[in-house]
Every structure is written in structure tokens, then in C-alpha cells.
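Peer 1: Add chain B to chain A, keeping to what the hints say.
Residue numbers (the working numbering), protein chains in the order written: chain A, 1 to 333; chain B, 334 to 666.
Quick caveat, the hints were computed from the structure, so don't treat them as lab data. Please note that the accuracy of each hint is not assured.
Which chain A residues face chain B? A few, computed with CB under 10 Å, are given here [as the list claims (entries may be wrong)]:
no., residue
1, Gln191
2, Ala193
3, His199
Positions of the beta carbon are idealized from the N, C-alpha and C atoms, including for glycine.
2 protein chains.
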Amino acid sequence: MSNGYSVAVVGATGAVGEEMFKILDERNFPVKNLKAFASERSEGKIVQFQGEKIKVENLAASSFKNIDIALFSAGASVSKEFSPQFASKGAVVVDNSSAFRMDDNVPLVVPEVNPHAAKKHRGIIANPNCSTIQLVVAINPIHRKVRIKRMIISTFQSVSGTGREAILELKEQTEDYLRGNKIKKEVYPHQIAFNLLPHIGSFLPSGYTEEEVKLVNETRKIMEDNSINATSTCVRVPVFISHSEAITLETKASISVDEVRQILMSAPGVVVEDEPGNSIYPLPISAAGRDEVFVGRIRMDESAPNSLNMWVVSDNLRKGAALNAIQIAELLI
Amino acid sequence: MSNGYSVAVVGATGAVGEEMFKILDERNFPVKNLKAFASERSEGKIVQFQGEKIKVENLAASSFKNIDIALFSAGASVSKEFSPQFASKGAVVVDNSSAFRMDDNVPLVVPEVNPHAAKKHRGIIANPNCSTIQLVVAINPIHRKVRIKRMIISTFQSVSGTGREAILELKEQTEDYLRGNKIKKEVYPHQIAFNLLPHIGSFLPSGYTEEEVKLVNETRKIMEDNSINATSTCVRVPVFISHSEAITLETKASISVDEVRQILMSAPGVVVEDEPGNSIYPLPISAAGRDEVFVGRIRMDESAPNSLNMWVVSDNLRKGAALNAIQIAELLI
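With the rest of the complex left out, here is chain A:
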């Protein structure tokens, strides 16, 4: 390993942790020393980084010392307990959980949208929710031009957003269904194979899920505009990787479809895939493994003035999680 930073990945054995090792390598992140942490259950497992074998350490037994950058993706309760300890020993934590996202003292950063916010950190920077990241990458360039007043969003979210065990559950349920076997449910309350669950995160008294509320609140914080109104329905779909979103945007000023395409074609991190006559539009299976946010089906919504529709797809493990976290870390170096 080269000169550079001492990096820790916390949650090293999860679906996002695995992507983090890949992306640190792909982007030649200046890693001097790499540590892999997980729960006691995974202690001693081996993860690979640039051809080297790294033994997974028990997070609870860590000294938290001599870490420059800690990339956390181990759930909110782990982050709440351990992020402040890493930060107090001098690390900057990039936290992929919901633990600190809405904390006024913690920046919530998408590098294409609000890189300046990262500089204000006090040891912890929050990585937004997967469905929020791809949304703001796609809509921020439009917001800067014509100001978004209101958004209506339906999400189509893949099982990898839940984690590795959900990927396995979709696979096993699908096999059992096709063989006529009984379906086993462990991760989700209902069968996900060949089904849809309008239920992501816990339900709140308002009737919304946590996921639906995050999408609205995190967007306002990242885009630094609390005047944006938004509502959403978040749905889990039987797809392995990539989240998709059907988005209706009502803007203050008018804008044409051609102008939206022009703006998005030069926007950082965005790829416009919008030739419907040739069956070209964003697809989950095409976005999987890619870094960009794909936008298509851009068209005026004639049901209201200054309103437009679009379809936005991105790899939730990469841009929606590991890649965005590492891009945040890159802002620090």
C-alpha cells in the first residue's frame, strides 16, 4: 500500500462494505493502511483489498486509534455507539447510516450537490439514504435553473438496499416459487419474489414509512432549501441491484424538455438515456455496477403548469452508498 491515509471500513462484510473495498481500489484512493471491522460474529473472516488478505476485526474490541478516515456502513445503532469514539480519536467518520443525517452539527453530503458542506464537519459526515442520493444528483441541476416547488416521487427499490440477506431471500424465494416449494420469509414480512411491498423502513403515525420521510427531509437538507415540498411512496421490488424512481417535478419557472436534457447532459454524475423510440431509457440491470445516475423518460406533465416527469435509476450499492461515501472521503484529502 502507498503513502496516504489509514482507512477503516466498518461493516466490512456487508453488501455495501464489499463495494467499498472495490471502489477504494478502482479510484486509487490513497490508502496507507486498511482495517476491516465488523461485529464479533464476523471476526477473523478475510476480505480482499488490492490482492492482500485483510482479517476482519471485532469492532467492539477496537482501540479506534490511528485511523484517519472511517467508512461506516453497519446500521444506525452501531454508528451511534462507535462513530463518536472514532471521531474523538482523530478519525473523520463518513457514516452511511441514518444515525446522524438530520443532526444540525453533521453535514449531509452528496459531492455533486453540496461539497462545501463537508468542510464544516466536526468529525462525522453523513452519507444520505440511497434513494435520496440519486434523486438529488438528478434534480439539483434543474433546481438551480428553475427552482423546484414540489415533487411527487414513487420509488422502485431493489432488495440489495436491505442488505446481503435480502439478496439471498429474493434468490431463494424465487427458486422455491419456480419449483413449487413453500416460500420461506425471514427478512421481509411478505414474499418479495414476484411481488411488491409498499413498505420500506418502519411505519410512522402519519402513515408514512421512515424511507418516505427520509427522502423528503434529506433532500431539503442537502439542497439547502426547506421550501421544497415533496411526497413519496417507496416500494420494494423484486430486483437485485439499482433503485428506480418515477419523479414529477413542479418548478417555479418554466423549462422545456430540451432544456432539461441539455442541463442534465452537462451535469456532474448524470447520464441522460432518453431515446424512447429506440427503447433506450434507464434500466436497473444496466445501471448495476455503474457509477452514474441515469435519467430518461423526460417529458412535460400536462396536468399542471411548469411540471415535468422523469425516470431516474442508479446502483444503490455504489452511488447510493459506497461510492458516495468514498467521494465524500475524497473531499477530505
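Peer 2: For chain B alone, kept in the frame of chain A given last:
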């Protein structure tokens, strides 16, 4: 067979045709004589009705005589050619295709919404598109109370809406994917297994698909209110049966979630499934094989005044096609 009507099913070997035979039986439709028609390719195949074997006849070789009620589900071009011929020989045609839906001389009927329109027929009554039927059954009771101004709809549509060959394609692609085999595409332009296609019907110059336009235009005609504004994104999902819809409704007058639940609980053909705390909400796999339109996730949309969100699921082969057609036929007897 009892005294009653001489009934023809046109498109007898399709996914909807099969449901028609089941539902005629389940509902004890007064069938005196039943004929099964399909293309020349299916001539001589056997379909079952109430324990009897019925030989499928070649539609093109039919005399169209002595039929009281003809239930068509064989695509728009077949309907355009043959429906008028059946009607001219005295049959009333209930047509499941898009051929005549927007024809001013043809009623477009959902019995829970506009049964009176059926009486004005001149030999042909159109059965609406699957995604429209479940929408209007769910929203019409709300419209009657507080008038809908605008709707934003995202659909999650099952492959059975495309037909029997699409059901097979999802099954085969899923098996090939799990075995690591090459995916074969015949029905859809892209893989549907573990994927999503924002593409149902052909694309129009506006950037919308035919399906998205049908949803808006048919709703206005059935609800007899051209002032309703609507926009939609229609998406094919890897589900076998049942279409799902995330719907945002903006109304003229205000209404509470409790009032909406009360109205829908007493609405014809609607079942409210809305206990999110107990993970009870409409699901495609639960709606499959059922007759009703299931509504849940009812909640206020705080992003606009007088706006609410809901999640609507129904079996697209039954209420979305065969059942609604037979309910129309029941209005005639």
C-alpha cells in the same frame, strides 16, 4: 347448459380468455350455448367450460350468426375487423381491446362507476384498459364526494397484462438468470426478470407511451369529467399477476384519511387493506385470483393542499379484464 344466452369468447386461448371461461362459470352467467373462437393457429384446440369440452373455432371462418353476447379479447386489429360483423348479425360485443374505447359511439364501462352508459350501446361496448379499471373503481367514490382536480399515477404492471407469452418469458428468463444461462428476449425489448421497464405500449411523439395516455383519456370518459387532469408513468415489473398503482389525488374540497377510508369501505368492488402497523396493505400476490380492487397506504400528502396518496392493487386478468367484461355483459341481461 341452461336456458339463457348464446355466448362467444373471441381470443379463447389467451390468458384473459381462460379467465373468461372461469368467471362465466363462477358467476353462473346464464349461458345457453358457448362458442370459443381464436385464430386459425388455435383451431381445434379444446377449452373446458363447466366440465364440457369446447372445440376452438377459427374466427375468420365463423358465420357470426346466432350469438347474443360476444366477449372479445384478441387485440385491437381483430376487434376492428370482427366486432362490427358480430354486432351486425345481432350480437352485443363486449370488447376488451383498445379499438373502440375512445369512439364517441361506443360506451366505455366499469359497472361500479358508469353502468348507465352501457344502455347507450349500438352493438359494441368497450372494456377499459386494465390499469384504468382498478384506478376508477378506487377513485370514483372519492371524486363523487370532493371532486378530483389532478392525479399523478405511477403504475407497477404485471407481465400477464402483456399475455400468456410474457408470463412464460418472465418464468424462463428467471430460470436462466438463476442458472447463469444466457437470457432470451422475445416479448419485451429488454430482460424483464429482476428488472423494470418504463415502457408499456408504443411511444408517442409527446414522449408518453400509449398506456400512459390511455390511463388519462379513459378515466375522463368513464368518469364523465374532462376537467380531471392526470399524468402517469407506467412501468412493467417482474410480477406475474396484479397491477399496482401509487396514486396522488388532488381534490377540490378537503377530505380526511378517515373519511376516505369510510367512503371506500362502503364502495362497490373495493376492499380497504390499510393497517400498516400490522404490515397489512395491498399486495399483488394477495390480489391475484380475487375480484376486488384493494386500497391501502391511504395518507394525506402534505406537499400540497387537499392532496392524498394511496396504493391500489387488483388482479389485471380478472377485474382488469375478464371480470369487468362479464360484469358489463350482466348489465345487458
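Peer 1: Next, verify each hint and record whether it holds.
Peer 2: Results of checking the hints against the structure:
Using the Cβ-Cβ criterion of 10 Å, the hint placing Gln191 (chain A) at the interface with chain B is satisfied: the shortest such distance is roughly 6 Å. The criterion of a C-beta within 10 Å of any C-beta in chain B is met by Ala193 (chain A), whose closest approach is roughly 9 Å, and the hint holds. The beta carbon of His199 (chain A) comes within 6 Å of a beta carbon in chain B, closer than 10 Å, and the hint placing it at the interface holds.
Hint compliance for this structure: every hint is met.
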